[in-house]
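Participant: Chain residues, written in single-letter form:
2 protein chains.
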Amino acid sequence: MENSVNPLISNLQRRVCLTPEEIDLIGSKVTLRVLKRKDFLLYKGDTCKHFNYVASGCLRVYGMDDDGFVHINYFAPEDWWAADIKSFFQQTPSRYYIDALEDTLILQLKNQDFNKLLEAVPKLEKWLRVLLQNALITAEDRVSTDLSMHAEERYQEFLNCYPYLEKRVSQKQIASFLGITPEFFSMLKKKRKHLK
Amino acid sequence: MENSVNPLISNLQRRVCLTPEEIDLIGSKVTLRVLKRKDFLLYKGDTCKHFNYVASGCLRVYGMDDDGFVHINYFAPEDWWAADIKSFFQQTPSRYYIDALEDTLILQLKNQDFNKLLEAVPKLEKWLRVLLQNALITAEDRVSTDLSMHAEERYQEFLNCYPYLEKRVSQKQIASFLGITPEFFSMLKKKRKHLK
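Those protein sequences? They're chains A and B, same order as listed.
Here the first sequence stands for residues 1 to 196, where the numbers follow the numbering used here.
Here the second sequence stands for residues 1001 to 1196, where the numbers follow the numbering used here.
Hint data in this document are derived by calculation from the structure and do not stem from the laboratory.
Be a bit skeptical, because a hint or two may be false.
Selected chain B positions facing chain A (Cβ under 8 Å, derived; list incomplete) [to be verified]: (1) Asp1103; (2) Ala1139; (3) Glu1140; (4) Val1143.
Straight-line alpha carbon distances no greater than 25 Å define the calculated DMTMM-like cross-link-like pairs of lysine to aspartate or glutamate that follow [claimed, not checked]: (5) A:Lys123 to B:Glu1119; (6) A:Lys44 to A:Glu22; (7) A:Lys49 to A:Glu78; (8) B:Lys1123 to A:Glu78; (9) A:Lys123 to B:Glu1152.
Covered, in the sense of this in silico footprint (three residues per stretch, anywhere, with C-beta under 8 Å from a C-beta of chain A), are these stretches of chain B [stated by the list, open to error]: (10) 1081-1089; (11) 1120-1126.
This structure is a prediction, so every number in the text was calculated from the model and none was measured.
Ideal placement from N, C-alpha and C gives every residue a C-beta, glycine not left out.
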C-alpha cells in the first residue's frame, strides 16, 4: 500500500512541501480502488463521497440532458483528480456520472478525512486552491471555446489539453467531448489529414 | 481609507479569522478606485493586474466572439470579487472585458501584493480556495444549464443567483446573460406574468 500512494504524494508535493509525518498521515487516509473498463465510480443523483486520484487508466466525468445527450466535462487520465466538486464539498446529489474508459486504479480520500486533512495540514489548502483555480480556468475556457470556436479549433484545443489521449479514447468519446456528431468528427479528421 | 476597507475585510473574515496585524497588512495593500457607469476596468487582450472587490455598484465580466456576440460570464454586484482569473494568476492577456453597469466603487489588490499576502498570511489560501471552488461550481452549473435547460428555467436560475439584481440591470443585459434575444426575453416575461 505504501508504495502505491507515492504518485498521489508526488502530485501534492509538486505544489507544497510535506514532512514525513504529514506524508504518513495523508497516506493513512488513502484507500485503493480498482475499476474495470465501463465500471461506474459515481452515478448522477448519488452523493460524491470521495476525492479521486487516478494512478493509472482513465476516467470520464459527464452529464446527460433530458434528451439523453451526453456532455463530457473532462477526461481524467493518470495524475488527474476527479470528483463532482459541488456534490463532494456540499454533500448534495451529484450532477454528473463518472465511469472508467479503461481498467483504472484510483486512490481515494473520503470527504470527512479530506476535510480533516485540510485542517491538520493547512498547507494543503494551497495545493487545492491551485487545483481548483486551474479547473476554473479550464471550465471558463470551455465556455468561451464552445461559444466562439469552430469544431476544428476545439479539436486542436483538445489535442493541446490531452496530448497523449487521442489514441486511447474512442472517436465517439472525443466527438462527444467536442459536442459534435461522430460522423462530423470523422469528416473533420479526414480534412486535417488531407491538409497535412 | 481605513473605514472604506472594512467591507473587504469582513468578506475575508467570513471564511478566516484575522489578527489586527494581518488586517492592517492587508488594508495597507488595498487601493480604492471609482468607476463611472460604462467605464471599463479591463479590456480583452490587456493583462488583468488587479483582484477587484466591489464595495458598491455593479460590474459585468464578459467575452465577445468573432461575430461580436457578447457572452456575460457573471455580474459582480456588492460584495463580489471580479477578475479574469487566468489573466490575473498567469499574467497573460485577458480573455474578457470588465465594465461598470452602474457607478461603482472597487477595492483593488495588485497581483504582486496579492501573491505576497498569500505568503505572509497563509490562511488566506483557504478564503481563496473556497472563493474559487464556488466560482467553479457556478461555471460548471452554467455549462449544464446552457445545455439542458430551457430559457425559462435559466431565467429562474438567474433570479435565484442574483435575487436583487433584476431591477438594476437592463432587460438587454439579462437576455445576454441568458443567451437569448431581448425580444424573446420580453415574451418570456409576459408569459410568466400571465401565469402568475
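Participant: Next step is simple, just say for each hint if it's right about the structure.
Facilitator: Evaluated hints:
{"no.": "1", "hint": "Asp1103", "verdict": "violated, 27 Å"}
{"no.": "2", "hint": "Ala1139", "verdict": "holds, 4 Å"}
{"no.": "3", "hint": "Glu1140", "verdict": "holds, 6 Å"}
{"no.": "4", "hint": "Val1143", "verdict": "holds, 6 Å"}
{"no.": "5", "hint": "A:Lys123 to B:Glu1119", "verdict": "holds, 11 Å"}
{"no.": "6", "hint": "A:Lys44 to A:Glu22", "verdict": "violated, 34 Å"}
{"no.": "7", "hint": "A:Lys49 to A:Glu78", "verdict": "holds, 20 Å"}
{"no.": "8", "hint": "B:Lys1123 to A:Glu78", "verdict": "violated, 30 Å"}
{"no.": "9", "hint": "A:Lys123 to B:Glu1152", "verdict": "violated, 43 Å"}
{"no.": "10", "hint": "1081-1089", "verdict": "holds (count 3)"}
{"no.": "11", "hint": "1120-1126", "verdict": "holds (count 4)"}
When the structure is compared with the earlier hints, violations turn up for hints 1, 6, 8, 9 and for no others.
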